[in-house]
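Working from the sequences, and respecting the hints, build out all of it.
In order, the protein sequence lines correspond to chains A and B.
In this text, residue positions in the first sequence follow the working numbering: the first is 1, and each later residue adds one.
In this text, residue positions in the second sequence follow the working numbering: the first is 114, and each later residue adds one.
Please note: incorrect hints may appear among the correct ones.
With a straight-line cut-off of 25 Å between C-alpha atoms, the simulated DSS-like cross-links for lysine-lysine are [unchecked claim]:
1) A/K69 x A/K49
2) A/K100 x B/K157
3) B/K130 x A/K100
4) A/K49 x B/K130
If you're looking for bench data, these hints aren't it; they were derived computationally from the structure.
What you are looking at is a predicted structure, and each value in this text was computed from that prediction instead of being measured.
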Amino acid sequence: AQSVTQLDSQVPVFEEAPVELRCNYSSSVSVYLFWYVQYPNQGLQLLLKYLSGSTLVKGINGFEAEFNKSQTSFHLRKPSVHISDTAEYFCAVVYNQGGKLIFGQGTELSVKP
Amino acid sequence: DAMVIQNPRYQVTQFGKPVTLSCSQTLNHNVMYWYQQKSSQAPKLLFHYYDKDFNNEADTPDNFQSRRPNTSFCFLDIRSPGLGDAAMYLCATSRVTASGGQSYNEQFFGPGTRLTVL
Chain A
1 AQSVTQLDSQ
11 VPVFEEAPVE
21 LRCNYSSSVS
31 VYLFWYVQYP
41 NQGLQLLLKY
51 LSGSTLVKGI
61 NGFEAEFNKS
71 QTSFHLRKPS
81 VHISDTAEYF
91 CAVVYNQGGK
101 LIFGQGTELS
111 VKP
Chain B
114 DAMVIQNPRY
124 QVTQFGKPVT
134 LSCSQTLNHN
144 VMYWYQQKSS
154 QAPKLLFHYY
164 DKDFNNEADT
174 PDNFQSRRPN
184 TSFCFLDIRS
194 PGLGDAAMYL
204 CATSRVTASG
214 GQSYNEQFFG
224 PGTRLTVL
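And the structure:
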């Protein structure tokens, strides 16, 4: 079955430290990949997306992600986090053109001073 | 700016009392979605409209209905809310092309409506 796995449910990190949030998907057939961020009591905001082309994708707020087809991964990274990055992060995948958006279970990023 | 708007942001209803949540969009997208998101969980798709065509997810309870009177507006009706229906409800839109064209289904989300059932 098509699925998305976020390997860490919670990631605590100190301010200005680097962070990586991991995401794996279940199939290497044509995929479109997304990372969304959700702040408390807010909707989902698109951080970045991979549709085609360069495997390194840069998004908003200094985040980037790398599409690795052989490992079916799309990990999210930021070299130096801020307190304001504290939020829930969702990885999501569309497996077929026009198909549904399938979400991972989310990773709660907690940035401590 | 083009956007997805949800009203109200917070809704309190009583057990069994019908409630309607509203979503509007200025993106002119042809697809509108309703998701239910419970605490510390991923959004769960309830149904979507592809233009005027309604598509219900297999596990969406009959208690949940939807209307899309025009391209811009979509409503979520909960006929008899139970305590288990307390959640954040997210509306999203996307532009999905017909077969033969590329379609990434990038979805744009509204801010959500937090529903409390007393």
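Hints and how they fare:
1. A/K69 x A/K49: Satisfied, since the Cα-Cα distance of roughly 15 Å is no more than 25 Å.
2. A/K100 x B/K157: Holds. A/K100 to B/K157 sits at ~11 Å (cutoff 25 Å).
3. B/K130 x A/K100: violated, 31 Å
4. A/K49 x B/K130: violated, 40 Å
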